[in-house]
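K.L.:
Assemble the complex: chain A is given as a structure, and chain B must be docked to it using the hints.
Residue numbers (the working numbering), protein chains in the order written: chain A, 39 to 152; chain B, 53 to 165.
None of these hints come from the bench; they were simulated from the model.
Take every hint as true, because none was put in to throw you off.
Coverage of chain A stretches by chain B, computed from C-beta distances (three or more under 8 Å per stretch; other residues unrestricted):
{"#": "1", "stretch": "74–84"}
{"#": "2", "stretch": "142–149"}
Straight-line C-alpha distance at most 20 Å; calculated EDC-like pairs for lysine to aspartate or glutamate:
{"#": "3", "chain 1": "B", "residue 1": "K109", "chain 2": "B", "residue 2": "E149"}
{"#": "4", "chain 1": "B", "residue 1": "K109", "chain 2": "B", "residue 2": "E127"}
{"#": "5", "chain 1": "B", "residue 1": "K109", "chain 2": "A", "residue 2": "E133"}
{"#": "6", "chain 1": "A", "residue 1": "K96", "chain 2": "B", "residue 2": "D152"}
Which residues of chain A face chain B? A partial, calculated answer using Cβ under 7 Å:
{"#": "7", "residue": "Y70"}
{"#": "8", "residue": "S132"}
{"#": "9", "residue": "G134"}
{"#": "10", "residue": "D139"}
Note that the Cβ used here is the ideal one computed from N, Cα and C, for glycine as well.
As a plain string of letters, each chain reads:
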Amino acid sequence: AQSVTQLGSHVSVSEGALVLLRCNYSSSVPPYLFWYVQYPNQGLQLLLKYTSAATLVKGINGFEAEFKKSETSFHLTKPSAHMSDAAEYFCAVSEGENNNDMRFGAGTRLTVKP
Amino acid sequence: KAGVTQTPRYLIKTRGQQVTLSCSPISGHRSVSWYQQTPGQGLQFLFEYFSETQRNKGNFPGRFSGRQFSNSRSEMNVSTLELGDSALYLCASSFAEVTDTQYFGPGTRLTVL
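Here chain A stands alone, though its shape is the one from the complex (with noise of 0.2 Å):
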């Protein structure tokens, strides 16, 4: 079965600096990939998913995911980090019609430092 591993379950970024999430996949077929974001007392909303087209995914409020398929890897990046970025961050995975459910990390809560 798919899943997926968050490397860092807290990462603390200064305003204006580099967002790195990290998300490491196992899938036994080419999978689908995700990332969501949850802010408190909230549901999840999509940032970006990977379906198998470009490898560089563009995603909302500035984000981006690298898909690397000799890593299986999917990190999550943001160039400069805003206040509220700060949320808890998900990376999914699904295999689609073969699997059709979907597989989610531990979570990374990112803080943002003033």
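P.N.:
Frame of chain A, contents of chain B only:
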């Protein structure tokens, strides 16, 4: 277009009771998935419904069940509640597949005493 709605938003039950949670997907969406979120286990997939049929099921005991109606609204039921069932239960809808963009509801916070 209205988002995914979940009712109730908060629920307190005691051990042994049963509970039913409701999810109304975005209009036109036919796939509804349910997830359990806890601090210890994170986000775990419960099951997914499409056109009133359960297409996939996560690794949860039979006490957890669900159904979907012809209008795509979905309910999940937990019988014989245990303390460990305390969690945020999230519902998500998508057009047809989980790989389509999933839109999440705000969740139902269940507390079991």
